[in-house]
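Using the hints, position chain B against chain A.
Protein chains: 2
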Amino acid sequence: MTIESDIKKFQAEFNQTLAELFQQIPADRSPILHQAMLYSLTNGGKRVRPYLMSLVAQALGISTQTIIPAAIALECIHSYSLVHDDLPAMDDDDLRRGKPTCHIEFDEATAILAGDALQTLAYETIANAGVNDSIKVNWIKELSRHAGYYGMCSGQALDLAAENSQISLAELEKIHHLKTGALLRAAVSLACLAKPDLPAEHMKQFDEFAQQLGLAFQIQDDILDVTASTEALGKPQGSDEKLNKSTYPGLLGLEQAIEKAEQVYQSALEQIRDLPYNTQSLFNFARFIVQRQH
Amino acid sequence: MTIESDIKKFQAEFNQTLAELFQQIPADRSPILHQAMLYSLTNGGKRVRPYLMSLVAQALGISTQTIIPAAIALECIHSYSLVHDDLPAMDDDDLRRGKPTCHIEFDEATAILAGDALQTLAYETIANAGVNDSIKVNWIKELSRHAGYYGMCSGQALDLAAENSQISLAELEKIHHLKTGALLRAAVSLACLAKPDLPAEHMKQFDEFAQQLGLAFQIQDDILDVTASTEALGKPQGSDEKLNKSTYPGLLGLEQAIEKAEQVYQSALEQIRDLPYNTQSLFNFARFIVQRQH
Chain A
89 MTIESDIKKF QAEFNQTLAE LFQQIPADRS PILHQAMLYS LTNGGKRVRP
139 YLMSLVAQAL GISTQTIIPA AIALECIHSY SLVHDDLPAM DDDDLRRGKP
189 TCHIEFDEAT AILAGDALQT LAYETIANAG VNDSIKVNWI KELSRHAGYY
239 GMCSGQALDL AAENSQISLA ELEKIHHLKT GALLRAAVSL ACLAKPDLPA
289 EHMKQFDEFA QQLGLAFQIQ DDILDVTAST EALGKPQGSD EKLNKSTYPG
339 LLGLEQAIEK AEQVYQSALE QIRDLPYNTQ SLFNFARFIV QRQH
Chain B
89 MTIESDIKKF QAEFNQTLAE LFQQIPADRS PILHQAMLYS LTNGGKRVRP
139 YLMSLVAQAL GISTQTIIPA AIALECIHSY SLVHDDLPAM DDDDLRRGKP
189 TCHIEFDEAT AILAGDALQT LAYETIANAG VNDSIKVNWI KELSRHAGYY
239 GMCSGQALDL AAENSQISLA ELEKIHHLKT GALLRAAVSL ACLAKPDLPA
289 EHMKQFDEFA QQLGLAFQIQ DDILDVTAST EALGKPQGSD EKLNKSTYPG
339 LLGLEQAIEK AEQVYQSALE QIRDLPYNTQ SLFNFARFIV QRQH
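Chains as they are written, first to last, in this note's numbering: chain A, 89 to 382; chain B, 89 to 382.
Simulated from the structure, these hints should not be mistaken for lab results. Where hints are given, some of them may not hold.
Copies of the same chain look alike in the list, so a pair counts if it works inside one copy or between any two.
[Stated by the list, open to error] With a cut-off of at most 25 angstroms between alpha-carbon atoms, the simulated DMTMM-like pairs for lysine to aspartate or glutamate come out as follows: (1) K262 - D180; (2) K262 - D195; (3) K229 - D116; (4) K292 - D116; (5) K283 - D221; (6) K292 - E261; (7) K97 - E196; (8) K283 - E196; (9) K96 - D221; (10) K348 - D285; (11) K292 - E108; (12) K348 - E259; (13) K262 - E350; (14) K229 - D195; (15) K262 - D295; (16) K97 - E296; (17) K97 - D221; (18) K96 - E196; (19) K262 - D116.
Only chain A is shown next, with the shape it has when bound in the complex (with noise of 0.2 angstroms):
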């Protein structure tokens, strides 16, 4: 199978489940919060976070099923960050995956509270999973970390505050760490706490390998949004142009940048090819990541 195709067949799994999961939601307290919650977090998304934690799991001999609750939660936060970054006094995007974003469907006061019932949802997910407690408070540990002050949240408000304005490499790479990077290590560390006897050294590997992937996957992001189409990306091409963002391709040019794209991905390599695991399926999706061409 290639990993087009397997990444659609956890993709449709993975829906069916959200779908599930809103079904068991009475829709009663507020039909139209219900309504916007389900329409951000079904709207197109590739569910990058839950493969890349499926893979891992799998990789550690962790059925999917144990690890569902914080893929759903992780996706939960993805989809929440989203809606909120799309708000006019944010990025302001009116197109989000060739729909209209949250605060166009609905109006901007359903988007702020849809964004922050999802983040809401995330832990309660985790806190109603089908594992033991310890598991469930380091996951929430864990996810809390990335997705709040120590992670995305100070990503997301640096690269607001570094808009208008020329910033070095080494600031676009704290921002992108903080921004894009933290989920995607989630991802991988929210696998790996489903095992607790992994030893702390492969741990580590694993997280090294996340940062390098979420670099590289930021990176192709930069690259797609000057070389794609708007038809491709779901979103306007060349946005972060007029919003006069600082990327790679503008610090580095293209081709640099292209270049810097596959010393990433080859580095993330570097840090899980001597683990006593099964690792092609993620190695084949660091190669899918840095090739994407959307």
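Chain B only, in chain A's frame:
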């Protein structure tokens, strides 16, 4: 000691705890976000929920030390909800407790992110608390249920939808039950959950007490919006009317609203009167709630 001085003492200690917590969070990720979170969390709040939690703990023989992480988490949730509620797309308030609201002091994007990161901090604080994992998981289940779609977020969504329209008393009660009531219930139940051997029946009585108390709190809030001065409130007097919000005085008339607050207060006391704990301080607190002038 009068309840007023007891609350003041608790506030001072609790604020000290929050200040220490923030000293441990390095500002280097995003100094602005760090500032905005601290500003919002220490913006002169009355600490009603943490104080209520401490009174229930006291009645049950649980140390304040034990429940402090849950109290901090609850206050983080309350604080984030105020920051988001004050946004232009929501209630559009410039003043909160006599000081500029977060999006006025900083900017809208920072306020959205500060709210988001405060919510994350709530769950992170519980996950890192010094109690056993079972209590942590129960706290997170309970807090997330009251704070998210099942509680506060839906309350706010319904409240916004009800602006500029005439709603029934039953609808108004549903809104307040979710919007204000949920976090007061959480205060009481989080304290109860710190005592795992508490009989389910007693927990239910405490919960009924919390529900009635929450309603009394909200009716008094509506009354004060009509009768108190802008100076005493720390926010513009008459702001409910400005937003065409349905209120108890609006639906019942001022005199009957005052009467209803008294009835609900008596009903709250009834719920816990026969419990085998020293609930005198909870009685005093309930009276304080319905008699407060700001």
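Verification of the supplied hints:
Taking CA atoms no more than 25 angstroms apart as the test, K262 paired with D180 passes inside one copy only; the shortest distance there is 23 angstroms, against 33 angstroms between copies. In this assembly of identical chains, K262 and D195 lie within 25 angstroms of each other by CA distance solely across copies; the values are 22 angstroms between and 32 angstroms within a copy. For the identical chains of this complex, K229 and D116 are inter-copy neighbours only, at 20 angstroms across copies versus 32 angstroms inside a copy, given an alpha-carbon limit of 25 angstroms. In this assembly of identical chains, K292 and D116 lie within 25 angstroms of each other by CA distance solely across copies; the values are 23 angstroms between and 45 angstroms within a copy.
For the identical chains of this complex, K283 and D221 are neighbours both inside a copy (14 angstroms) and across copies (17 angstroms), given an alpha-carbon limit of 25 angstroms. Proximity of K292 to E261 under the C-alpha cut-off of 25 angstroms is restricted to the intra-copy arrangement: shortest distance 20 angstroms within a copy versus 52 angstroms between copies. With identical chains, the CA atoms of K97 and E196 are never at most 25 angstroms apart, being 34 angstroms at best within one copy and 40 angstroms at best between copies. In this assembly of identical chains, K283 and E196 lie within 25 angstroms of each other by CA distance neither inside one copy nor across copies; the values are 41 angstroms within and 41 angstroms between.
With identical chains, the CA atoms of K96 and D221 are never at most 25 angstroms apart, being 32 angstroms at best within one copy and 37 angstroms at best between copies. Taking CA atoms no more than 25 angstroms apart as the test, K348 paired with D285 passes in neither setting, with 35 angstroms inside one copy and 59 angstroms between copies. When the C-alpha separation of K292 and E108 is checked against a cutoff of 25 angstroms, the pair qualifies neither within a copy, at 35 angstroms, nor between copies, at 30 angstroms. Taking the shortest alpha-carbon separations for K348 and E259, only the intra-copy value of 16 angstroms comes in at or below 25 angstroms, while the best inter-copy value is 58 angstroms.
In this homomeric assembly, K262 and E350 come within 25 angstroms of each other (Cα to Cα) only inside a single copy, at 19 angstroms, whereas the closest approach across copies is 56 angstroms. With identical chains, the CA atoms of K229 and D195 are never at most 25 angstroms apart, being 33 angstroms at best within one copy and 29 angstroms at best between copies. Only within a single protomer do K262 and D295 lie at most 25 angstroms apart by alpha-carbon distance; the minimum there is 16 angstroms, versus 46 angstroms between protomers. Taking the shortest alpha-carbon separations for K97 and E296, neither the intra-copy value of 28 angstroms nor the inter-copy value of 47 angstroms comes in at or below 25 angstroms.
In this assembly of identical chains, K97 and D221 lie within 25 angstroms of each other by CA distance neither inside one copy nor across copies; the values are 31 angstroms within and 35 angstroms between. Within a single copy, K96 and E196 get their C-alpha atoms no closer than 32 angstroms, and across copies no closer than 38 angstroms, so neither meets the 25 angstroms cut-off. Taking the shortest Cα distances, K262 and D116 sit within 25 angstroms of each other only across copies (11 angstroms), while inside one copy they are farther apart (43 angstroms).
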